[in-house]
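Single-letter residue listing:
Protein chains: 2
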Amino acid sequence: MSAFFDHLGQSGLGTTRREFLVKALAAGGSGLLLATMNAWGAGIASTAGAPPVLQGGGRGKKVVILGAGLAGMTAALELGKAGYQCEVIEARSYAGGRCQTARRGFTLSELGGETQVCDFDEGQYINHGPWRIPFCHRSTLHYAAELGVPLELYNNDNDAAYIYYENAGPLSGKRLRRFEVKADMRGNVDELLAKSIRSGQMDQTLSAEDKTLLLEYLVNEGYLNRDDLTYRGTNGRGYKVYPGAGNQPGVESDPLGFGDLLKSKLGRIYRSVNDIMSQSTMLQAVGGMDQIAKAFERKVGHLIRYGTEVTQIRNGKDKVTVQCKDLKTGALRTLEADFCLCTIPLSVLKQMDTDFSAEFKQAMQGNAYMPTGKMGLQFNRRFWELDHQIYGGHIGNDIKNIGIISLPSTQWQGPKGTMLGYYNFGATAAEVSALSHKERTELALAAGEKIFPGEYRKHFAKSFSVAWHRVQYSLGGFSTWSGESRKTAFPRLLEGEGRTLLAGEHMSYLGGWMAGAIESSWQQIERMHARNAA
Amino acid sequence: MSAFFDHLGQSGLGTTRREFLVKALAAGGSGLLLATMNAWGAGIASTAGAPPVLQGGGRGKKVVILGAGLAGMTAALELGKAGYQCEVIEARSYAGGRCQTARRGFTLSELGGETQVCDFDEGQYINHGPWRIPFCHRSTLHYAAELGVPLELYNNDNDAAYIYYENAGPLSGKRLRRFEVKADMRGNVDELLAKSIRSGQMDQTLSAEDKTLLLEYLVNEGYLNRDDLTYRGTNGRGYKVYPGAGNQPGVESDPLGFGDLLKSKLGRIYRSVNDIMSQSTMLQAVGGMDQIAKAFERKVGHLIRYGTEVTQIRNGKDKVTVQCKDLKTGALRTLEADFCLCTIPLSVLKQMDTDFSAEFKQAMQGNAYMPTGKMGLQFNRRFWELDHQIYGGHIGNDIKNIGIISLPSTQWQGPKGTMLGYYNFGATAAEVSALSHKERTELALAAGEKIFPGEYRKHFAKSFSVAWHRVQYSLGGFSTWSGESRKTAFPRLLEGEGRTLLAGEHMSYLGGWMAGAIESSWQQIERMHARNAA
Numbered sequence: 001m002s003a004f005f006d007h008l009g010q011s012g013l014g015t016t017r018r019e020f021l022v023k024a025l026a027a028g029g030s031g032l033l034l035a036t037m038n039a040w041g042a043g044i045a046s047t048a049g050a051p052p053v054l055q056g057g058g059r060g061k062k063v064v065i066l067g068a069g070l071a072g073m074t075a076a077l078e079l080g081k082a083g084y085q086c087e088v089i090e091a092r093s094y095a096g097g098r099c100q101t102a103r104r105g106f107t108l109s110e111l112g113g114e115t116q117v118c119d120f121d122e123g124q125y126i127n128h129g130p131w132r133i134p135f136c137h138r139s140t141l142h143y144a145a146e147l148g149v150p151l152e153l154y155n156n157d158n159d160a161a162y163i164y165y166e167n168a169g170p171l172s173g174k175r176l177r178r179f180e181v182k183a184d185m186r187g188n189v190d191e192l193l194a195k196s197i198r199s200g201q202m203d204q205t206l207s208a209e210d211k212t213l214l215l216e217y218l219v220n221e222g223y224l225n226r227d228d229l230t231y232r233g234t235n236g237r238g239y240k241v242y243p244g245a246g247n248q249p250g251v252e253s254d255p256l257g258f259g260d261l262l263k264s265k266l267g268r269i270y271r272s273v274n275d276i277m278s279q280s281t282m283l284q285a286v287g288g289m290d291q292i293a294k295a296f297e298r299k300v301g302h303l304i305r306y307g308t309e310v311t312q313i314r315n316g317k318d319k320v321t322v323q324c325k326d327l328k329t330g331a332l333r334t335l336e337a338d339f340c341l342c343t344i345p346l347s348v349l350k351q352m353d354t355d356f357s358a359e360f361k362q363a364m365q366g367n368a369y370m371p372t373g374k375m376g377l378q379f380n381r382r383f384w385e386l387d388h389q390i391y392g393g394h395i396g397n398d399i400k401n402i403g404i405i406s407l408p409s410t411q412w413q414g415p416k417g418t419m420l421g422y423y424n425f426g427a428t429a430a431e432v433s434a435l436s437h438k439e440r441t442e443l444a445l446a447a448g449e450k451i452f453p454g455e456y457r458k459h460f461a462k463s464f465s466v467a468w469h470r471v472q473y474s475l476g477g478f479s480t481w482s483g484e485s486r487k488t489a490f491p492r493l494l495e496g497e498g499r500t501l502l503a504g505e506h507m508s509y510l511g512g513w514m515a516g517a518i519e520s521s522w523q524q525i526e527r528m529h530a531r532n533a534a
Numbered sequence: 001m002s003a004f005f006d007h008l009g010q011s012g013l014g015t016t017r018r019e020f021l022v023k024a025l026a027a028g029g030s031g032l033l034l035a036t037m038n039a040w041g042a043g044i045a046s047t048a049g050a051p052p053v054l055q056g057g058g059r060g061k062k063v064v065i066l067g068a069g070l071a072g073m074t075a076a077l078e079l080g081k082a083g084y085q086c087e088v089i090e091a092r093s094y095a096g097g098r099c100q101t102a103r104r105g106f107t108l109s110e111l112g113g114e115t116q117v118c119d120f121d122e123g124q125y126i127n128h129g130p131w132r133i134p135f136c137h138r139s140t141l142h143y144a145a146e147l148g149v150p151l152e153l154y155n156n157d158n159d160a161a162y163i164y165y166e167n168a169g170p171l172s173g174k175r176l177r178r179f180e181v182k183a184d185m186r187g188n189v190d191e192l193l194a195k196s197i198r199s200g201q202m203d204q205t206l207s208a209e210d211k212t213l214l215l216e217y218l219v220n221e222g223y224l225n226r227d228d229l230t231y232r233g234t235n236g237r238g239y240k241v242y243p244g245a246g247n248q249p250g251v252e253s254d255p256l257g258f259g260d261l262l263k264s265k266l267g268r269i270y271r272s273v274n275d276i277m278s279q280s281t282m283l284q285a286v287g288g289m290d291q292i293a294k295a296f297e298r299k300v301g302h303l304i305r306y307g308t309e310v311t312q313i314r315n316g317k318d319k320v321t322v323q324c325k326d327l328k329t330g331a332l333r334t335l336e337a338d339f340c341l342c343t344i345p346l347s348v349l350k351q352m353d354t355d356f357s358a359e360f361k362q363a364m365q366g367n368a369y370m371p372t373g374k375m376g377l378q379f380n381r382r383f384w385e386l387d388h389q390i391y392g393g394h395i396g397n398d399i400k401n402i403g404i405i406s407l408p409s410t411q412w413q414g415p416k417g418t419m420l421g422y423y424n425f426g427a428t429a430a431e432v433s434a435l436s437h438k439e440r441t442e443l444a445l446a447a448g449e450k451i452f453p454g455e456y457r458k459h460f461a462k463s464f465s466v467a468w469h470r471v472q473y474s475l476g477g478f479s480t481w482s483g484e485s486r487k488t489a490f491p492r493l494l495e496g497e498g499r500t501l502l503a504g505e506h507m508s509y510l511g512g513w514m515a516g517a518i519e520s521s522w523q524q525i526e527r528m529h530a531r532n533a534a
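First to last, the protein sequences are chains B and D.
Under the UniProt record's numbering, the first sequence has 379 at position 379, and the numbering climbs by one with no breaks.
Under the UniProt record's numbering, the second sequence has 400 at position 400, and the numbering climbs by one with no breaks.
This is chain B alone, in the form it adopts within the complex (with noise of 0.2 Å):
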């Protein structure tokens, strides 16, 4: 339902994933979900977790990708099983596409601002761009299998992780683990259904047994006293004193006030279970999400053209002809092919000269990239871990400007480690964006320092920031459509135009995820294809 919101996952967004909560359903609404269903019958397919058969094969009929990152190279991949000629045009010097690392000499420029050299220390890296794989994205893990990259789990749902709010009523600005609201609140609400059932106020609404069967659960689910229904605390809620050798039972740490919890509203930060895109399990690739990419690269590098920027798209009755440039040289070069798959982003491409119709570029108008920012801070003691416990996960906040700060999954208990500082979207990416990297990188220290006082600052050695719709051939995060666009333009841009058909995450339900690149690359090769033998 909302791209948005599952990249924001679960981790106490406050006011963030509210706000984008509220602009994913404007966007949305649930009337659409069926109202587009089956507009394409290829859409259930090519959810499936392998690629499309092509049966008959390609018949060495020839095709240009457009962009390297990793529809353009899942095509490529697929296509020449087919028996496709393909060829790869990308600008980067590097394929992958936004699916990026950044570890030592990566290089990252921003439009009308600083170029960035990472320069973390051997071993340490931020992935700047995706950085975790749900478990049901069967396509994207589907080609971790088939080209062998490591997986590890990704930590998306620490609740010893804390949370820090400034606008939290009585709690602002305390120090909180995520469990400790968690078992609270719903003690308190389960002790509260449970003395209203007890009492007789639930006698209306449900039957003799379904009462004596669901106190029998609230009892348990909230770890309330059988005898009074009270919740007075749980072990799961951390212990004051740690069970330990000897005669060291352990003490129960004492629960929040459930008046003082209600004010501070901090019962938002989680929710029954969580979206589905954003619950264990989720993964990551091993030394970096870049990992991906050279898999693939690994296999279909040898098409690709590097260092190349399209210029020019015309579409012909018989033939597609793309016009390139040579970066280094500036040489010009015009391809011809039988198709063209352009993944450029949107962003991008509706800036660039093409013989598309006039209602085609009019639709490509209907999306617009979400601004997107990131911050990679190596330190060199892994004190979340070492002096607070805290293996991974989210520190939820309301710090103005921030959005998510993430632990890293990786290198448990190692010398160093590199968090991600902020993730922050739409207006607040765009505002940290006008910094430069220094002052970025203060913002990010001067949150930090209040969750973790005389520790952040201390132990911080290095960073490296990323605004991406400052960066270009991206021009943005990842792709957003609204309600009106997704009925109209959508589905005008999903069939394509001539001989070029469009893929990317822009052309999926699961934008911003590797998922949705590759599936929708899947789609189109399969329409291409069809097409084809048609």
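Be aware that a few hints might be false.
Copies of the same chain are indistinguishable here, so a pair counts whether it falls within one copy or spans any two.
Below, in silico cross-link-like pairs of lysine-lysine (BS3-like), each with a Cα-Cα straight-line distance of 30 Å or less [to be verified]: (1) K211 x K182; (2) K317 x K62; (3) K299 x K416; (4) K317 x K487; (5) K211 x K174; (6) K182 x K263.
The hints are simulated quantities; they were obtained by calculation from the structure and are not laboratory data.
Keeping the supplied structure of chain B fixed, place chain D upon it in accordance with the hints.
Below, chain D without anything else, positioned relative to chain B:
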């Protein structure tokens, strides 16, 4: 509060879980918590994440350590640092005690039973001893860091994993995912409370402000419709059709009926939050939990005399005398030392020839060791991942004599995988241990085949089982105390006898955890050192 219970985790154990909870409550009793608090001053200090500082050092005093498990090796390491002369006597031919991992060639004999030689393929293994490290077990994590043991996440809380209950009323024999039960129970409970608030039934209990705040919480927590406060499902319980490429926004799934859910009693598979020791984050050693034992062994292995059984302990006034036998040659040897740290499980120690006082011997009888069975099953396809999208976690079930079925949290999507085919305790484990290994394997396969019909037997390759109560030198999975003996016997044993002190998980409130062994060792060497100084 409950060591057994912590072991069982939160994985939907149904009857077994409840049985142990009841047992644990009977054994502990909340009054005991404070009554025994601080009976030993050292308790709190020792639950910290670092070993004790042994001021002034050991000045060459000699300590004989019985048992090269984690408690024994912890003592050898720390006492060695402080200048004590240590010798460790170990009956087995390898160190680690119960911290074992079965891989190709590992041999295990059961008393009066079979000798199994593990024939798993290269790289496959099962942690048939300890298998999980809670984030809050600072002592275990301390040594993983100090000794350089690489860790990885253990996925203890995977809501995408199946549950399969044969006695679940209208949902009997249905394979469900945990997130379905969680989302629907919580959604319905939130709806019930929300509607009762709106209808004025909580007016006596809650202020107008709190009612508004609580409604806001419930709508968000339970994915309720804001207008009619009704729960109609959420993508968090999985989609019927997943969002994908093109015009595929996804089709949400249909919730289970609340009445059916209540009658199924499946709500018991989770609680508001897990017990703290089975919450995310849990970790494990990369390559098998025995890597922790091996890391200790690299430090203190030169102090260990392997294949040597302790035959006699005599406490003298100035010395302690230990007689032991070389199991190869049968040669007896007598050792004299200033102190003896005995880490031999009480199940074994109480049968040995010692001159402990009648009172001390009586105290040892207050302890019992849990019959514990585990089964490792190697499969040649990770069908649970590739075909079911279950990446780790537990399969909750109530199939007779099974207990927990757990999926591996390593080698994701690799060619092979080794599952925990069962993990059971108590009477169940005793019953299963009477079976031959072949029969046990059949028990595990028949159970798995119910959950994964047509797949489990098909992909099964090899198996390895253990019944810890039949393993020499262990005679049980882990130590348990009744409430009464915690009050009387336990404190007596903690004092030690003469120049002999006891250490191990049995001397802690972290029964069965590696942290119990380590922290008990820290506590007892501190005590020994204090006596040495005195």
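message: At most 30 Å between alpha carbons: which applies to K211 and K174, within, between, both or neither?
response: Between copies, since 24 Å is at most 30 Å while 38 Å is not.
task: Using 30 Å as the alpha carbon limit, work out where K317 and K487 are close: within a copy, between copies, both or neither.
output: within (29 Å within a copy, 90 Å between copies)
task: State whether the alpha carbon distance between K299 and K416 is at most 30 Å within one copy, between copies, both, or neither.
output: between (33 Å within a copy, 24 Å between copies)
task: Go through the copies and call it for K317 and K62: within, between, both or neither, with a Cα cutoff of 30 Å.
output: Classified as within: same-chain Cα gap 15 Å, cross-chain 93 Å, threshold 30 Å.
- prompt: With identical chains treated as interchangeable, where does the CA-CA distance between K211 and K182 reach 30 Å or less: within a copy, between copies, both, or neither?
  reply: So K211 and K182 pass the 30 Å test inside a copy (24 Å) and across (19 Å) alike.
message: Cα distance capped at 30 Å. Does K182 pair with K263 within a copy, between copies, both, or neither?
response: both (15 Å within a copy, 26 Å between copies)
The structure agrees with every numbered hint stated previously.
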